[in-house]
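Novice: Listed here are the chains, written in short residue letters.
Protein chains: 2
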Amino acid sequence: MFMGKIKTLSLKLEDQKLFILDQTLLPHKELWVEVLSPEQMCDIIVQLKVRGAPLIGVAAGLSLALYAIGGATENEYLKACERLRSTRPTAVNLMWVIDQLIKAATTAYNPEELFNMAVQFCQEDIELCQKIAQAGAELIKDGDQILTHCNTGGLATAGVGTALGVIAEAHRQGKKIHVYVDETRPLLQGARLTTWELEKLNIPYTLICDNMAAHLMSLGKITKAIVGADRIATNGDFANKIGTYTVALSCHYHNIPFYVAAPYTTIDFSCSRGEQIEIELRSPAEVLGVHGAFESVIWSPKTANTYNPAFDVTPAKLVTSWVIDRGVFTSPTF
Amino acid sequence: MFMGKIKTLSLKLEDQKLFILDQTLLPHKELWVEVLSPEQMCDIIVQLKVRGAPLIGVAAGLSLALYAIGGATENEYLKACERLRSTRPTAVNLMWVIDQLIKAATTAYNPEELFNMAVQFCQEDIELCQKIAQAGAELIKDGDQILTHCNTGGLATAGVGTALGVIAEAHRQGKKIHVYVDETRPLLQGARLTTWELEKLNIPYTLICDNMAAHLMSLGKITKAIVGADRIATNGDFANKIGTYTVALSCHYHNIPFYVAAPYTTIDFSCSRGEQIEIELRSPAEVLGVHGAFESVIWSPKTANTYNPAFDVTPAKLVTSWVIDRGVFTSPTF
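Residue numbers (our numbering), protein chains in the order written: chain A, 16 to 349; chain B, 16 to 349.
Isolated chain A, as found in the complex (with noise of 0.2 Å):
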């Protein structure tokens, strides 16, 4: 019997049964689900049951192992590895995993070693992430009102998150912050978890509409933005949920800061510029309408064309400082 027993916000790990949070239900539901195989494991991420760049790194990792210990032959978990490397495209972190998992066991396919691994990934993303928001919270002053978008948290990590991790970082420290929640369309992360998240941390928050944002700088009333990232180049460039752009480019013309939080997973070493980030394109019911625990909604013409990109790259120009675990970079010297 192999040891290693894990429990975070939306993952848990109990005599070698993997369950996950299903996330598509949240706020309204909260439901665990085992997870069976690395088969199941595409589909959950690809449905976004499982998401944000950390965490679906953590989940993959682990799905593989409990795989391997199960009985696969290495031939199938190297199959296994290879078809959930490529259910995200854009998110680096989750490559990082799979890569070191497929290193180790073409070195020596050993089902116990590489458990071992995958809750080691565990583990240090749960550290990083305690890295990540001790070293933000230090941007972070009383009264500050933060923009935030997507989900950051422990919803998008095994750990306290990585944006949403520094805000709860800097609210545990005593500083009295005020959340403003970009709802985050089409998959609503904003809307649904971080606000979720935020409720179960008691910090004040108020969600808005992703197109209100620059209404509220040009008001006054955001004085500090802080976002994750599914990819860094080594320039500075990143990618992160669609909508992020608009973010920056909102907080440059307001002269507000733009920090975006992520840990050194998530930069990617062989891609040296935004531009060469691909980005995964999703489907077009996700823009017609909504679709989750709360019902399927379609609003629009059912026909309507549509284009959905998952992401979107900020240029390293319009970032005041990346938030890294190792600390905080005003340039891209990571």
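Read the hints as simulated data drawn from the structure, not as lab findings. Model, not experiment: these values are computed from the prediction. Do not rely on the hints blindly, as some may be mistaken.
Claimed, not checked - The list that follows gives simulated cross-link-like pairs (lysine-lysine, DSBU-like), each with its CA atoms no further than 30 Å apart:
1) LYS332/A with LYS44/B
2) LYS317/A with LYS215/B
3) LYS317/A with LYS27/B
4) LYS146/B with LYS22/B
5) LYS317/B with LYS236/A
6) LYS317/A with LYS191/B
7) LYS190/A with LYS317/B
8) LYS94/B with LYS118/B
9) LYS27/A with LYS317/B
10) LYS32/A with LYS44/A
11) LYS215/B with LYS236/A
12) LYS317/B with LYS317/A
13) LYS118/B with LYS146/B
14) LYS146/A with LYS236/A
15) LYS317/A with LYS146/B
16) LYS22/A with LYS317/B
17) LYS44/A with LYS317/A
18) LYS22/B with LYS317/A
19) LYS317/A with LYS44/B
20) LYS317/A with LYS236/B
21) LYS191/A with LYS317/B
22) LYS32/B with LYS20/B
23) LYS22/B with LYS32/B
24) LYS27/B with LYS215/B
25) LYS44/A with LYS20/A
26) LYS215/A with LYS32/B
27) LYS332/A with LYS236/B
28) LYS44/A with LYS317/B
29) LYS94/A with LYS146/A
30) LYS32/A with LYS20/A
Guided by the hints, dock chain B onto chain A, whose structure is given.
Specialist: For chain B alone, coordinates are given in the frame of chain A:
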């Protein structure tokens, strides 16, 4: 029997009966509602069954005139004027129409004359739209990929529209154009109404979420943006549907021409700067989810704190040209 027969995309007057197309049910259901009193028209406007600054002016005027014809005393009529005037504090066209109808009534309360005035406002709006469309179409070139926000067509005016009227006229002239439609949260006038109109006009379009436009601009996929206005200050600042300011900022950053199209009745000569424009705040329910013919859905925590301004103000310095019925102005010298 007073004469006057009107049939527009969203308004019908026949045998002294006024009907409006219930825009909250579009695009899935086309339901005409008879308006039996100014009181009912107030509800219709507040519920956004009729919307669009020029259209609500025209619709309110007709309901008041029919009320006078139907036997309302001058006192009842003036009270109804005041009530309607307060339904949407940002839309200046509404106030313009009602001020004219009050002025006429206090000079001499003549229902027949009021009715003729109201019909004339409608005909005037149709003509103003036509002039705006012709002036604005000059700005549109073959191959343009035009971003628009909210709905500014035949569902927002009595005529072909303002910004969407310009687009429709350019298309009618045979210019090959493609329209990017901002869905326009929270009420989705873009996703529900502009798409519906563009399908009727057979103009190719792509529906996007509001937070995707800047990303498209960074990819060179948008060559122009054109929007409407609810109120224009004499210095050229203007209020329009929330999210317009973000479109303007994004165009500014990417050096993309940004046009605002509106009839002269949208210019508020008593307002010298955008800061003086009162911004209507609407119900939290609109941000917590969506409501329409397609069902009511709440995807956020039901108790979430929200902020829901219906409009924002775009400063004149972000405007390339003001397309008014009187011509295209590159500075606010209306």
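Novice: Are the hints correct? Go through all of them and say.
Specialist: Hint-by-hint comparison with the structure:
Distance hint between LYS332/A and LYS44/B is unfulfilled; the C-alpha atoms sit about 47 Å from each other, more than 30 Å. For the hint linking LYS317/A to LYS215/B, the alpha-carbon distance of about 14 Å falls within 30 Å, and the restraint holds. Under the criterion of a C-alpha separation no larger than 30 Å, the hint pairing LYS317/A with LYS27/B is consistent with the structure, at around 27 Å. Restraint check: the Cα-Cα separation between LYS146/B and LYS22/B comes to about 19 Å, which is no more than 30 Å; the hinted pair holds.
For a cut-off of 30 Å, the pair hint linking LYS317/B to LYS236/A stands: about 24 Å separates their Cα positions. For a cut-off of 30 Å, the pair hint linking LYS317/A to LYS191/B stands: about 24 Å separates their Cα positions. At most 30 Å may separate the alpha-carbon atoms for a hinted pair to count; LYS190/A and LYS317/B meet this at roughly 27 Å. Of the supplied pair hints, the one linking LYS94/B and LYS118/B holds, its CA atoms being roughly 13 Å apart against a limit of 30 Å.
For the given pair, LYS27/A sits about 27 Å from LYS317/B by alpha-carbon distance, which is consistent with the 30 Å threshold. Distance check on the hinted pair: LYS32/A and LYS44/A sit about 22 Å apart at the alpha-carbon level, within 30 Å; holds. Pair hint LYS215/B plus LYS236/A does not hold up; C-alpha atoms about 41 Å apart against a cutoff of 30 Å. Annotation: proposed proximity of LYS317/B to LYS317/A holds, straight-line Cα distance about 28 Å (limit 30 Å).
Restraint check for LYS118/B and LYS146/B: satisfied, since their Cα atoms lie roughly 27 Å apart, inside the 30 Å limit. Taking the CA atoms of LYS146/A and LYS236/A, the gap is about 28 Å. The hint holds against a cut of 30 Å. This hinted pair does not check out: LYS317/A and LYS146/B have alpha carbons roughly 33 Å apart, beyond 30 Å. A threshold of 30 Å between alpha carbons decides the hint, and for LYS22/A with LYS317/B the separation of about 27 Å falls inside it, so the pair holds.
Between the alpha carbons of LYS44/A and LYS317/A the distance comes to roughly 28 Å, so the proposed pair stays at or under 30 Å and holds. Proximity of LYS22/B to LYS317/A is assessed by CA-CA distance (about 27 Å); at most 30 Å being required, the pair is judged to hold. For the suggested pair LYS317/A and LYS44/B, the alpha carbons sit about 13 Å apart, so the restraint of at most 30 Å is met. Pair hint LYS317/A plus LYS236/B holds up; C-alpha atoms about 24 Å apart against a cutoff of 30 Å.
A C-alpha spacing of about 24 Å is found between LYS191/A and LYS317/B, which places the hinted pair at or below 30 Å, so the restraint holds. A C-alpha spacing of about 9 Å is found between LYS32/B and LYS20/B, which places the hinted pair at or below 30 Å, so the restraint holds. Proposed proximity of LYS22/B and LYS32/B is supported: the alpha carbons are some 12 Å apart, at most 30 Å. For the given pair, LYS27/B sits about 18 Å from LYS215/B by alpha-carbon distance, which is consistent with the 30 Å threshold.
A hinted pair counts as satisfied when its Cα atoms are at most 30 Å apart, and LYS44/A with LYS20/A qualifies at roughly 24 Å. For the given pair, LYS215/A sits about 55 Å from LYS32/B by alpha-carbon distance, which is inconsistent with the 30 Å threshold. Between LYS332/A and LYS236/B the CA atoms are separated by roughly 21 Å; this keeps the pair inside 30 Å, and the hint holds. Distance hint between LYS44/A and LYS317/B is fulfilled; the C-alpha atoms sit about 13 Å from each other, no more than 30 Å.
Distance hint between LYS94/A and LYS146/A is unfulfilled; the C-alpha atoms sit about 34 Å from each other, more than 30 Å. For the hint linking LYS32/A to LYS20/A, the alpha-carbon distance of about 9 Å falls within 30 Å, and the restraint holds.
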